[in-house]
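Engineer: Below are the chains, spelled out letter by letter.
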Amino acid sequence: MTHSVRESVLSPQAIAEGLTALRERSPLVQCLTNIVVANFTANALLATGASPAMVDNAAEAEPFASVADAVLVNLGTPYPVTVGAMAGALRGAASGGTPWVLDPVAAGALQWRTSIAQALLDQHAPAIIRGNASEIIAIAGQGKGGRGVESVDTVDGAVDVAAELARDRGTVVAVSGEVDHITDGDRLVRVGNGHPWLTQVTGAGCALGALMAAFTAVIPDPLVAAATATATFTVAAERAAEQSAGPGSFAVSLIDELAALSSEDLAAAVRLS
Amino acid sequence: MTHSVRESVLSPQAIAEGLTALRERSPLVQCLTNIVVANFTANALLATGASPAMVDNAAEAEPFASVADAVLVNLGTPYPVTVGAMAGALRGAASGGTPWVLDPVAAGALQWRTSIAQALLDQHAPAIIRGNASEIIAIAGQGKGGRGVESVDTVDGAVDVAAELARDRGTVVAVSGEVDHITDGDRLVRVGNGHPWLTQVTGAGCALGALMAAFTAVIPDPLVAAATATATFTVAAERAAEQSAGPGSFAVSLIDELAALSSEDLAAAVRLS
Amino acid sequence: MTHSVRESVLSPQAIAEGLTALRERSPLVQCLTNIVVANFTANALLATGASPAMVDNAAEAEPFASVADAVLVNLGTPYPVTVGAMAGALRGAASGGTPWVLDPVAAGALQWRTSIAQALLDQHAPAIIRGNASEIIAIAGQGKGGRGVESVDTVDGAVDVAAELARDRGTVVAVSGEVDHITDGDRLVRVGNGHPWLTQVTGAGCALGALMAAFTAVIPDPLVAAATATATFTVAAERAAEQSAGPGSFAVSLIDELAALSSEDLAAAVRLS
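Top to bottom, those sequences are chains A, B and C.
Quick note: the first sequence, position 245, residue 245 per the numbering used here, numbers continuous.
Quick note: the second sequence, position 32, residue 32 per the numbering used here, numbers continuous.
Quick note: the third sequence, position 162, residue 162 per the numbering used here, numbers continuous.
Keep in mind that the hints were calculated from the coordinates and are not lab data.
Some hints here could point you the wrong way.
To spell it out: a stretch of chain C is covered by chain B in this simulated footprint if at least three of its residues, at any positions, have a beta carbon under 8 Å from a beta carbon of chain B; those stretches are [to be verified]:
1) 35-41
2) 60-71
3) 110-120
4) 200-210
5) 252-260
Here the structure is a predicted model, which is why all the values come from computation and not from measurement.
Glycine included, C-beta positions come from ideal geometry on N, C-alpha and C.
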C-alpha cells in the first residue's frame, strides 16, 4: 500500500504563531495521567505557558472537563477509579466541546489498557492520538504488541497504519520516533528535531502528549496543534542537550528551555518536511 | 469592613530560632498529599531538616497520625480511598494531640474537594489552613470559585476573609501571594520574600504547606510556625533564583538552598511587616 | 550468637561484568512501587540501562509479571487496589519464573504493610529483600518498630537477624546503611561506598531496590545481583556528590552518573569487604 496522504506544507511561521498564542492565552489543561510522570508533565506545561490541572477523580473529572480548555488522557498507570474518571472526563469534554488527546501508553503490550483505549475512542473521538509506533499499531488493531513502553515497531512502518487509523477515527495520529510523523489521514507532517536522551527520561512522551492537548486549545487544526507541540518540545530538547551532562540534567534543562524558547528561535530551528 | 487585626511584631530572630529548632528535632511529618507533588514535598522536607512519611492509606493513617509530630492534608488529587485516610488521620491527630495543616488545593474551582475540605474542618480544627486567595475565599464560603490551582482573587482582598475564617475556625490562615499574609484573626504577619518562578514550579505551594506542618511540631504558636515556614521557603527561593536558568533548575536549586540556608542568613534576609 | 556466615570473596571484576550484562540485555523491570518515588525509580533504571514498566494494576500485573525479566514490589504507599496487584504480580512471577525483589518500606513502624510484607513472603519467596536495619528486623519478626522510613536500628546489629531471615526464607537479604551488608545466610558481602546525601533524597533506597531487581535478571546469583546493584548505585552517588551543591542537584547528578558510569570505573571504585 502506498501513502495516500499529501506531504504537508506547514510553515515554521505557523508553528511560531502557535507558541505565541499558547503564551497569550495560557490554556487550562486537565490531565488524567499516571503516577510516574504527573510532576514532570505539570512542570512541562507550566514552563511552556499552559496551566495544568491534574483533576483525575470520578466526582470532578466530568464537570471540570466541560469548562477546561483541553483534556489529556494518559494510560500509563490506569486503575479502576481513574478509568472511571477518564470516561467522565470524556462526557464533560463532549458536552463542553473541549478537545482531548489520548496517549495510550503501552497499548498492545498490555491487554486491559488496550481495551480501555478502544472504549474511550468509541465513546468520543479525540483531537489527537499520540504514541510510539507499536502503540499506534496496537490501537489500530493490527499489532502483535510489545512488552512495555519501549517501541518495538518502526515509525515508517506505522505511518500507513496511522493514516488509516486517523481516517477511521476522524482524528489526528502522532507517531513519535527519531522523526515524528503526524497525520490526519489526508495530510502528513514530519518533525525532524529531537535528541536520543528523550528516550532516557521517563515521561518525555507523556509530557509531549500534554503539550499537544494544550495546543489544541489555541490552534483550531489538530494537525497543526500536534506539530507545534512536537516542534516546541523537540527543539527545546535539542537546546537542553547542548548544556547537559546526562539524562538527569537534561530533564531539568528541558524544563528551563521550554520556558526560555522564543517563537522566533522555534521557527528558526524547527525541521519540518 | 476594616481590618480588626493587629500588625504583628514577629522578629527575624524568632524566625531563625524556629529553623534551628526544626533541625535539632527533625520532626516526623505525615503527609497525605497528591500524586503530582509527593516527591518534591518529601525532598523539601528532608532538605529543610524534617522527616517525611507519606502514610496515606486508610489502614495506617489513623494510628500513625496519633504518634507523628505533625500531619499535612493536601487535596490536590483526592480519591475516595485517600479521603477516607484523611478522615482517619484527623481522628489520630485529635487523639494524639498532633497538629495538622490543611492545603485545600483548587477549593472553590472544584465542588467535591471543597466539600471534603469543609467536612475535614468540621471534624477537627487544623493548626493552619494554607492556600492562595481564591482557595481561602472558597473555604470561607464566600468565593465564586476559579478554574483550578491558579489564584483568581487578590491577596489583599482575601485578608479580611482570612481573618474572619481564622476566628470562625480557631485556626491560623496563610494566604500565599506576591506577599504572603498570615493571620490568626487577631494578629497579621506579612512575609515579603519570594520569586515569580515559585508560580512556575508545580507543588511549590504544596511543599510550603508541608513545611508549615513541620514547623507546627517545633513552634507552639501556629502563627509563628506558618511565618517561619514561609520565610524559610521564600528566602531559599530567592537564593535559588540567583543561580538558576529557568524553572527547572530553580526547582532543583530550591532543594539545595533549603538544605544550605543557615538560621543566621534566614534572619538577615527575611522581610517581615 | 556469632555470625555463621562466610566473608565473601566477590571480586570487583564480577561486579563490573554484571553492569556490562545489564546494558547488553536491558532487562524489563516491572515496578509496583509508591507514588513518591515512581518517577525517580524509572529514571534510575533507564539511566543505568534497564527498561522500567510501572504496571501496578490488578488486571495487568499478573500476566505482565510472567513475561517481565524482573519484578519490584515496594510498600511505600500501599492501597488495597495496589496490594491486590502485588499478589497478582507474584502469581505471575511464580508461573513465569521471574525473580522479584521486596522493599518493605517502613515495615515495623506500620502494622498493615508489615502484615502485607509477611503475606507476600509467604506467597512466593523473593530473590532479594532490601531494607534498612529496622525494616529487616521487623520483617524477621524481632523488631519493636520505628516511626517511619528512617532506620532506628544499627546495620551491625541487623546482620545476624538478616542472615537468619535469609536462611529461613531462602532468599538474599540486603541491609542498607553507611556500609551495606548483603547476605544469603551463608555468605556475607559488604559494600562500603555511598554518601550521606543518599539519606536526604527521597526514594534513593527505593531506586536501589529497583536496580537490584534489574540485576537479578542478568546475574543468576541474587547475592551478586544485590551487591552489583549496591555497588553501581553507591559509586555513582560518590561521583555525583563531587559535583553537587546539595541534595537537589545531587539527585539530578546521580541520574547522570548512573548513565555515565563505565564498568571499568565501577570496578576501580567499588569497596568490597
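Engineer: For every hint, state whether the structure bears it out.
Structural biologist: So, going through the hints one by one against the coordinates:
Requiring three or more residues with a Cβ within less than 8 Å of a Cβ of chain B, the coverage given for the stretch 35-41 of chain C holds, as 5 such residues are present. A stretch counts as covered by a chain when three or more of its residues have a beta carbon under 8 Å from one of that chain; for the stretch 60-71 of chain C and chain B the count is 0, and the coverage is violated. Beta-carbon proximity to chain B at under 8 Å applies to 4 residues in the stretch 110-120 of chain C; the threshold of 3 is reached and the given coverage holds. Requiring three or more residues with a Cβ within less than 8 Å of a Cβ of chain B, the coverage given for the stretch 200-210 of chain C holds, as 4 such residues are present.
Only residues whose C-beta sits within less than 8 Å of a C-beta in chain B count toward coverage, and the stretch 252-260 of chain C has 1 of them, not enough to reach three; the restraint is violated.
The structure fails hints 2 and 5 (numbered hints given earlier, in ascending order).
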